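Enquirer: Listed below are the residues making up each chain.
There are 2 protein chains.
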Amino acid sequence: MVSSVYYFDYAAATPVDERVFAAMKPYFSEHFYNPSSPYAQAVEVRREYETAKQMLAHTIGATGDELVMTAGATESINLAIGGFSGHKITTAAEHASVLRVIEADGGTILPVNKHGQVTAGQVDSAIQEDTELVSVALANHEIGSIQPVREIAAMVATKRAERLSRGNRTPLVLHCDASQGFGLIDIHVGRLGVDLLTLNAAKIYGPKQVGALWIRPGIIITPRIVGGGQEAGLRSGTENVAGTIGFAEAARIAADKRAGETKRLGALRDTLERTLTSRFSTAILSGHPRHRLANFCHISFPGIDAERLVFILEMDNVLVATGSACAANSGTRSSVLTAIGLADDVADGSIRLTLGRGTTDASVAAATERIIAAVEREATRTGVQL
Amino acid sequence: MVSSVYYFDYAAATPVDERVFAAMKPYFSEHFYNPSSPYAQAVEVRREYETAKQMLAHTIGATGDELVMTAGATESINLAIGGFSGHKITTAAEHASVLRVIEADGGTILPVNKHGQVTAGQVDSAIQEDTELVSVALANHEIGSIQPVREIAAMVATKRAERLSRGNRTPLVLHCDASQGFGLIDIHVGRLGVDLLTLNAAKIYGPKQVGALWIRPGIIITPRIVGGGQEAGLRSGTENVAGTIGFAEAARIAADKRAGETKRLGALRDTLERTLTSRFSTAILSGHPRHRLANFCHISFPGIDAERLVFILEMDNVLVATGSACAANSGTRSSVLTAIGLADDVADGSIRLTLGRGTTDASVAAATERIIAAVEREATRTGVQL
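The listed protein sequences correspond, in order, to chains A and B. Take 1 as the starting number for the first sequence in the numbering used here and just add one per residue. Take 1001 as the starting number for the second sequence in the numbering used here and just add one per residue.
Isolated chain A, as found in the complex (with noise of 0.2 Å):
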């Protein structure tokens, strides 16, 4: 099936790596023991699954013991996220699970730029006594742009020594979701200097429904689903072994890519964007023109319903998103979107490209021919002026 179409969409899921099949087979019905169990079987069972996460965690210049396997990048964002009380603060442009968790909290939205960033003196400003955390994604999920995350954690490491110097002994945190900027940038906590990091695996062509949660050491957070004591009891359930192994040979294996893969995604997509605005003088590309991951292309043919486009390009099998699959799926209008002040028919008329490991200069051709004809074809049916 991924063979006979054109995947663009690579931002909304990956497909499992053929490697990371494999590494995670054994565990389903051979190596099926329960990690907790007494006997040797099990215990080679758990010492396979820490070895992952000690494998995981040195992508990214971690520890196991750091890391908090979940059920994907929602949860570990819920658990990261709802940890802390006190006021919290994020971006306009952040994911979903982000804003609904801070805003149940009734915390601060920052707005962003055009670009859909926030500058680390934005976050200064806004942080109060009572702030408790700061939740900034690496990069975000429907434009690409990446934040300033080492500026505004700089600044938050400043002001949280500065608060503890005066005796105000509030925790102050910076969690970063980096579920769409792992697979393409290359992570060091130590030098992105966060406290708290999201992982995905779903999104590096591995498992669904695997994610991980990196806490510094020393950092206390309030677990969100109890029972058993795993993870140290920040989460508890019988271990994800076969995820969290795929997750591992997962991020082993785009730690190989990573240099390669950028270099090489930024010029299919660069060629892509060439192309299509040369042919659409109104064409407007969204996210910063350098600070953005190699693979988004997030492009507006103002006039133009995406909708339709998205139908188009599928029935000539090219697969591309309107917007973000979650957006999508509440069927409202993208909040990044808004947040960056795209006018309404400029953002109802945005597909985004996300490429990836099966996109070659053939697709890329096939797919922008396609696109073409798709608006000429939509403008001349509407009487768009493109």
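Treat each hint with caution, since some may be false.
[Claimed, not checked] With beta-carbon atoms standing in for the labels, derived distance ranges:
(1) 219(A) to 1151(B): 44 to 52 Å
(2) 1047(B) to 130(A): 44 to 52 Å
(3) 274(A) to 1047(B): 35 to 43 Å
(4) 186(A) to 1285(B): 54 to 62 Å
(5) 154(A) to 1315(B): 52 to 60 Å
(6) 44(A) to 1381(B): 25 to 33 Å
(7) 1022(B) to 191(A): 40 to 48 Å
(8) 43(A) to 1047(B): 39 to 47 Å
(9) 1065(B) to 4(A): 31 to 39 Å
[Said to hold, decoys possible] As a list, the in silico SDA-like pairs of lysine to any residue whose alpha-carbon atoms are at most 25 Å apart:
(10) 1025(B) to 22(A)
(11) 257(A) to 365(A)
(12) 1025(B) to 29(A)
(13) 25(A) to 1025(B)
(14) 1257(B) to 1058(B)
(15) 25(A) to 1317(B)
(16) 25(A) to 1021(B)
(17) 114(A) to 154(A)
(18) 1257(B) to 30(A)
[As the list claims (entries may be wrong)] Some, not all, of what chain A presents toward chain B, calculated at C-beta under 7 Å:
(19) 72
(20) 78
(21) 310
Since the hints were made in silico from the structure, they are not lab data. Quick caveat: nothing in here was measured; it's all calculated off a predicted structure. For glycine and all other residues, C-beta sits at the position ideal for the given N, C-alpha and C.
Assemble chain B onto chain A, guided by the hints.
Expert: Frame of chain A; chain B shown alone:
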């Protein structure tokens, strides 16, 4: 590995059935699309996901839209119980995940009889004007006793109606953790009369980290994981398509095999217990003699160190549990055995054998012989009279 050992710990973990694995396999790398994406391939994945939920729901006499898919029984339990505020009631023999959530809210923990059971009358007496939830397992995870859930459900319904007639509109619901019972007990939510039911794929030869919570229509619960709004807003995060399809297939197979396996395993278990108690007159069986899961054998050898026994049996290729996996994890004495009033030296001499699809006459004979030899050896070594 499984074929060379005699596995008697099916309550801790079950191998994934090969048909279940075959059903899941296409959804990792081939039909990997995000069910929320708009194109036909993804819509098809969503349809298959919804069909799987429908099939799973049918096995308990429900419909697919009444199920919330989760990452396992622990999450289902946290969602069910944590979804209510007010006073809560459970029993001292429940799984750690039920106890931890209810204890956190300062609820009532009812004592159990020597078989680990409560009566509807006991629950009735504990219900206060502000009680919102009662949680009782279908079958105990350590000794297999079946609770009188139907009687408790009828009482709760009467109480609710009576309370409502007096103008008290506080919700009152019954949650049932059916993790252990689902494989061998035919569950029909309508006939059972519960309001919330926790199911677990990992105990019925399905994948780990896959669970469901059935919610009776009309019951409003607060979600624990928010974000993209999947599962009708009750559990956000990209759906576990492969896991859910695997769970549905596992439930279908379990339904097919239920009657036959209950009879077959019950006979094997009875032979095992008869042989062991004939040989050791001081041995004590726990769990209700009749109202008990057919595959559970919980036996205590007073004065014998069960941890050593498990180790010796493991050397002899017989895998059994001491207490439950979760209790073993935390290294403390099982709270179930304390709740049913077993003296410490009896509790510490307890092993749990749980039978399953791989159990045969030959494996029971081999296990029996090796358990007798191990107990005799330990008794001789320590001078314990049997």
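Enquirer: Looking back at the hints listed earlier, which ones does the structure fail to meet?
Expert: none
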